[in-house]
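Heads up: the protein sequence lines correspond to chains X and Y, in order. What the first sequence shows, in the numbering used here, is residues 53 to 164, in sequence order. What the second sequence shows, in the numbering used here, is residues 52 to 158, in sequence order.
Among these hints, one or two may not hold up.
As the list claims (entries may be wrong) - DEER-style ranges, computed between Cβ atoms:
#1 I107/Y to I107/X: 44 to 52 angstroms
#2 K150/Y to G151/X: 19 to 27 angstroms
#3 K108/Y to N114/X: 35 to 43 angstroms
#4 K119/X to F65/Y: 19 to 27 angstroms
Stated by the list, open to error - Calculated cross-link-like contacts (lysine to aspartate or glutamate; reagent style EDC-like; alpha-carbon spacing at most 20 angstroms):
#5 K108/Y to E152/X
#6 K92/X to E59/Y
#7 K88/X to E110/X
#8 K124/Y to E59/Y
#9 K116/Y to E105/Y
#10 K150/Y to E134/X
#11 K66/Y to E131/Y
#12 K150/Y to E152/X
#13 K93/X to D122/X
#14 K150/Y to D137/X
#15 K93/X to D82/X
#16 K93/X to E59/Y
#17 K96/X to E59/Y
#18 K93/X to D132/Y
#19 K60/Y to D90/X
#20 K150/Y to D90/X
#21 K96/X to D122/X
#22 K123/X to E152/X
#23 K96/X to E83/Y
Everything labelled a hint here was simulated from the structure, so no lab data went into it. Here a beta-carbon is modelled for each residue, glycine too, at the ideal position from N, C-alpha and C.
This is what each chain is made of:
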Amino acid sequence: DTAVSQTPKYLVTQMGNDKSIKCEQNLGHDTMYWYKQDSKKFLKIMFSYNNKELIINETVPNRFSPKSPDKAHLNLHINSLELGDSAVYFCASSHQPGGEQFFGPGTRLTVL
Amino acid sequence: AQRVTQPEKLLSVFKGAPVELKCNYSYSGSPELFWYVQYSRQRLQLLLRHISRESIKGFTADLNKGETSFHLKKPFAQEEDSAMYYCARGSNYKLTFGKGTLLTVNP
Numbered sequence: 053d054t055a056v057s058q059t060p061k062y063l064v065t066q067m068g069n070d071k072s073i074k075c076e077q078n079l080g081h082d083t084m085y086w087y088k089q090d091s092k093k094f095l096k097i098m099f100s101y102n103n104k105e106l107i108i109n110e111t112v113p114n115r116f117s118p119k120s121p122d123k124a125h126l127n128l129h130i131n132s133l134e135l136g137d138s139a140v141y142f143c144a145s146s147h148q149p150g151g152e153q154f155f156g157p158g159t160r161l162t163v164l
Numbered sequence: 052a053q054r055v056t057q058p059e060k061l062l063s064v065f066k067g068a069p070v071e072l073k074c075n076y077s078y079s080g081s082p083e084l085f086w087y088v089q090y091s092r093q094r095l096q097l098l099l100r101h102i103s104r105e106s107i108k109g110f111t112a113d114l115n116k117g118e119t120s121f122h123l124k125k126p127f128a129q130e131e132d133s134a135m136y137y138c139a140r141g142s143n144y145k146l147t148f149g150k151g152t153l154l155t156v157n158p
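Generate the whole structure from the sequences, applying the supplied hints.
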């Protein structure tokens, strides 16, 4: 299946812990993204990467560190998790920057 | 800053009724606009993009530059259309989303 995949699908953890979410796309796209969907279902861009290079960091706390080992992967590492980090995190990719984006299934993060 | 406004948080219609989900965007050059849909417990998926000018699942959306609008319309709503709909604007390296409209189509 050609798609954007994320792991894990659910993540429940304690405040202060460090966790990672992985994202992979096999669509051959050059551009990948992370979005956060809050409890009110509002979607906001966090990061954009193009050819493994960071393009956008939309005022995200530096506890969040994306890493792109290659063009097909964009992982999100979060340090010192806080209650307010609880959300659904979506990875996406696109062939062209700003064009149609293909989304992963989302990772529901719950911080207790 | 680019803004996408969806004025209705919730929209409820009966099956067979027409439906219009409103979207306005802040003017800036030539926008690239999209409608994404999120069915319950599923990922976001593209419904329409303004440059394709096609109809998907009976939905259409016309870009009106004078009114800076990109409203989504369907003449006869179906129960399976119930979902969260997001209007989005594409620009360099990101999509800016509206806050979404939850459409409920009642039997």
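Does E110/X lie within 20 angstroms of K88/X when you go C-alpha to C-alpha? Holds, because 11 angstroms separates the two Cα atoms, which is no more than 20 angstroms.
Are the Cα positions of K96/X and D122/X separated by 20 angstroms at most? 24 angstroms, violated
Has the given pair, K108/Y with E152/X, been kept, meaning a C-alpha gap of at most 20 angstroms? 18 angstroms, holds
Pair hint K96/X and E83/Y, alpha-carbon separation not exceeding 20 angstroms: 17 angstroms, holds
Holds or violated: K93/X and D122/X, Cα atoms, limit 20 angstroms. Violated: K93/X and D122/X sit about 30 angstroms apart, past 20 angstroms.
Given the hint that K150/Y pairs with E152/X, test it: the Cα-Cα distance must not exceed 20 angstroms. Roughly 18 angstroms between the alpha carbons, so the hint for K150/Y and E152/X holds.
Taking 20 angstroms as the top limit, are the C-alpha atoms of K93/X and E59/Y close enough? With a Cα-Cα distance of about 14 angstroms, the restraint between K93/X and E59/Y holds, given a limit of 20 angstroms.
Restraint status (C-alpha distance of K92/X to E59/Y at most 20 angstroms): Measuring from Cα to Cα gives roughly 14 angstroms; hence the hint holds.
Starting from K96/X, check that the Cα of E59/Y is at most 20 angstroms away, please. 18 angstroms, holds
Against the 20 angstroms threshold, does the CA-CA distance of K150/Y and E134/X hold or violate the hint? 24 angstroms, violated
When you check the alpha-carbon spacing of K123/X and E152/X, does it fall within 20 angstroms? 17 angstroms, holds
K150/Y and D137/X: Cα distance at most 20 angstroms? 19 angstroms, holds
Going through the hint list in order, the structure does not satisfy hints 1, 4, 10, 13, 15 and 21.
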